[in-house]
Structure formats: C-alpha cells, structure tokens
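All chains, full assembly: derive it from the sequences and hints.
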Amino acid sequence: MLKDIFYKRKKYATIASPIPKDPVSAGEKKEIPEGLMVKCSQCGAIAYTKELEKNFKVCPSCGHHFPMNAFERVHATLDEGHFFEFDSDMISVDPLSFPDYLDKVEKDMEKTNLNEAVLTGEGTIMGHPVVIGVMDSRFRMGSMGSVVGEKIFRAIERAIEKKYPFVLFSASGGARMQEGVLSLMQMAKTSAGLAKLHEERGLFISIMTNPTTGGVSASFASLGDYNLAEPGALIGFAGRRIIEQTIRQELPKDFQTAEFLLQHGQLDQVVHRKEMRNVLGKILDIHSVRGQI
Amino acid sequence: MAGDLQFEKPLIELQNKILELRKFTEEKGIDFTDEIEKLEEKARQLQKEIYGNLTPWQRVQIARHPERPTTLDYIKHICTDFLELHGDRVFGDDPAIVGGIAKLDGQPITVIGHQKGKDTKDNIARNFGMPHPEGYRKALRLMHQADKFNRPILCLINTPGAYPGIAAEERGQSEAIARNLLEMAALSVPVICIVTGEGGSGGALALGIGNRILMLENSFYSVISPEGAAALLWKDSSLAQRAAEHMKITAKDLKELGVVDGVIPEPFGGAHKDIGRQAQLMKEAILVHLKELKGKGAAELKKERYDKFAAMGQYTTLINN
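So the sequence lines, in the order shown, correspond to chains A and B. Its first residue numbered 1, the first sequence is counted upward by one per residue in my numbering. Its first residue numbered 294, the second sequence is counted upward by one per residue in my numbering.
No lab work stands behind these hints: they were computed from the structure. C-beta atoms are modelled at their ideal positions from N, C-alpha and C, and glycine is treated no differently. Warning: the hint list may mix true and false statements.
[To be verified] Pairs of lysine-lysine residues, derived as DSBU-like cross-links and limited to a Cα-Cα distance of at most 30 Å, are as follows: (1) A/Lys162 x B/Lys528; (2) B/Lys335 x A/Lys111; (3) B/Lys369 x B/Lys321; (4) B/Lys316 x B/Lys369.
[What the hints assert, rightly or not] Okay, the calculated bits of chain B under chain A, using three or more residues with CB under 8 Å as the criterion: (5) 393-402; (6) 449-460; (7) 470-476; (8) 510-520; (9) 597-611.
Take a look at the structure:
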C-alpha cells in the first residue's frame, strides 16, 4: 500500500515537520548529478557541486538558475528552523481510473520524499511570518491535480485565518491530465481562494520559477499582488510546440521567458535567486505597517 | 445534408428512402402507405438505437458539428432586446467572444459567450471561437457592468480553447484567464454557465465560474482535447477516440463527478436538428435556476459559489488509505 512506501514519520506527524537540516539530502534524488562536478546545461561551464550549492544553485559563469527542489527552496527562503508543514499526509486518488496513474505518483513520492507536487506550510522570512507554498517540478512535472489544488487552497485559507501573507513559488507544467476535469477545476478553486484573500485584503506574492505554464500560469501564479519571476524561467499559457504548430512558424528564442514577460508588462520584476529573500523581505516589511493616509 | 456524421448514415439513408417513397406515392399515385409506415417505425427504432447510446466520441463529434448552434443563435431564440457590446477598453474587440445586454422573460440579463463561425469565412473572422486576452477582458468588463447594475449573468461556453499564439502570450493570455477566475468568484449577482458545445480547458473555464454550471447533453468539458491527450499518452493524436472514452468528459460523466449541476437534454441527433426546441429547453432550465437564486443576497451568492468550487476534487490521506 501507499503508506508502506512513505517514510514512517509522516504517519504520526501530520501538521508539524521541522525543516530538514540538510535540504539536499531531504530532497533525496538531486537534480544535479551525484559527484563532485557539474556541467551547466546553458553554458557548459564546469562547477564544483558544493560551490554551486553555496551559490543558490546558480551557475557562477553564466547565471543559469538550476532547478531547486521544494526543500532546497524552503531552506533558501525561510529563516533557519522556522517551518511547519501542512497537510503532508494528503495523497492522490485515481478518479478516472487512469492506467498506471497511481504507480507513477507512488514512484514520485519515493523519489522526492514529498506527498505531492507542492509543499505547503508556515514559517518566517526575515522575521515576518508567512504561509508558504513551494511547487516541485520533479513530482509529475509539478502538475496540478486535486491534492495540489486542495493543499494550495487550504494554505490560502490559513493565510486568511492567521492574517499572514501568502508566498507561493510555482514550478509546474500545468493541470494534471490524469485527473481530467477535476484538475481543471483546481484552477477555479485556488483562484476562488485568492478572491477571498483579496477581499480580506491579504497579501499574495507569486514567484514564477522554471517552468510555470498552462493551468498553473492561467490561475493562481498570475494573480499575485506582486508577480515576480526567476531569470530565464519559462512562463506561458500555451506550450511552445503547440503555438509553433498553430501558427506554422518558429518562435524567437526568448519567447515566454521571464524577461519576455517583463518586457510585455506581465511581471513586476525578474529577481535573481540570490536577491529573492531580500526582495521578499522588503515587500513583507513594507506590508507589515498598514499604509496611513 | 452536408453535416451528417458517420454513425448517423444508416438512419439518414432510411429517411431518404421514406422521402423517396412519399414522392413516388404523390407523383405516380401508387399507394405505399403501409411500406412507409413500416419504414417509419423502423426509423424510429434506429433513431433510438443510434442516439440513445451515443459514445463519448460521437458526442464530441456532435458538439463540434459545423451546424451546432452558436451563442448568437441561442441569444436570438432565448432573449429579446439583445444589444451587443464590444471591446475591452484596453486593446481591442475580440470577435471570438460576444456579449451584451438583453431581456430574458422580461427581466434584464447580461449574456456572454464564445462565438464560433457559421462557415469557413465566418470562422476565420471568429478565430474558430478561440479567444485572445482581450476577449476575456471584454467578458470581465461586461460582468463587472452586470454586477454594478445588479443583473444576472448568463455565460454560454463553446470553445476549443484559448488561442495559442504569439500575440495572445504577449498580451497575457494566462493573466486574462486567471483574472476572470478570481473576479467571477467574487461577483455578487447570480451567474449561470452553460457548456453548449466544446468546453476546451482553461479557455472555457474563464467563462465558467458560476452559481450553476449546466451542460447540454452532447457537450463535453475537458482539461485537454481528446486529440491532445492521445498525443501525450500514445504519441498519436489519431487515437483521440480512445482518449475520449477514458477521460470522463461527457455531461453525464461530469454530473457524476459533481462538477456540473445539471444536464439539459438535446433533441434527437443534437441541438442543430432543432434549434428552436433546444433554445426552449435551455430557457426553461435557466429560468428554473434563476428563480432558485433570486432573492439571495450578494454574500450568499458569493459564499455558495465559493463553497461549490472549494468542494471540487478528490483526495485521501495516508491514514484513510
């Protein structure tokens, strides 16, 4: 059964799970190949793995942002030791009886040490309490099915209840096909949650990382009071191949990058990973004092 | 008829034969009444057989039928005093979405819907019902207007999806859709959404956040087109038929999944066989639901819509598993 392959701790601890000391080992299978050195997929430069990790997984030569898993992201964003996870025991079912679906989910649970494609919880950033969600593209390409939708929805409700800002790092290929129209409805559900947060005048900071596309880009990820993105991140509604097939021409290389979106007025800022915590801290600080007129 | 579908062929042939016999009876004065009656009985049987057990793929074909009634057809039959309103006030007017004000049974209403074309030329002008961001922004503008003047909103959904193109991405297709999802959740007037043909993913959902979501019997609503799903699953878009059977996209499936509130029946063979009758059935359904929603305050309408979408999805916990 599913629970057998899941690590034991989660059977008991369903609300609070402390941030792992070493985020890389918590993410188990690393995006960077095992070993001492790693080659940048953009510029081909070789860097020491340790060096790269110290550098927020950004290539020292060309600035390429390597993928970060959810644990690494939490570690890089929140204040040390301040993270309490929500809903770590929620898992997917198979509403469409889709062939092999749950097997694939189980495999990704093992691979990533996550219960689903988003990690949610609360913590602090430079002393400011926040509710945070971090998507992990290693888990079913970060796709959004019922669990991802519900976890994000509950996180938003907690943010409303506690009057905490909500911070979300997106990394997703879009809605999860294997749950059919229920995945589509998660776009509506998360957006309805944000509508309520908005009405309560809660703060939502959306950070789009590589990739943020399809149903995730067309729902909560685009609805931040502040929409930020990491350099070079692929962000868009339709896939590149589908657009090329539709319009029968090749697209420019920078199409649907964070920089392209910034240029077209879709983002507030493109923020280098090294600066992300500072920028978040600045926004949170400004919001910690109610504006006075 | 040009728009006959493959699975309807036996029935159409039989109906043609009946017509022929009738003509014969009239012209030659030979009495075929008995034969005609027999054949008509057979045709009724066949009709039940074919249309009573449509497969998901056959329904997809009906939903995409070139003669499928469009939003403007329904508006003409359902409403009076329709006045079309154009433009998003920012960039342009998207012909793939139409909207305006009208009266329904004497009461003011705002109607918005995807608009497909009637022929190739019209379809090119309408971009085959695939909106750009300005289409969604026009829709939202009209919804806010309805909200201000306390008019119910009717959304008619029929699109293959939001348009995948360069300009659409540049102008924020994602943001336009997302914004509609958020803003529609917050509307303080009754919103009724009806999927009348193709419910193509996010491009459909962007008009789909209602207090009631209804579907016509032969419409479908899906996270990805059957062709898209087949291409992803089996690297072969010609297996769309198989994908359609798997994906639970018909009105009946969605009712069972708890995503839609009701299914509006269609005349035998689909809405295009009798637009007047179809419009009548839709109007009756709309009036029933509007009556239920009437008198509910803004807060209640909002809460109901919120709770409705909050409940969507299926999951479990490790402890229950």
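Hints broken by the structure, by number, lowest first?
1, 2, 3, 4, 5
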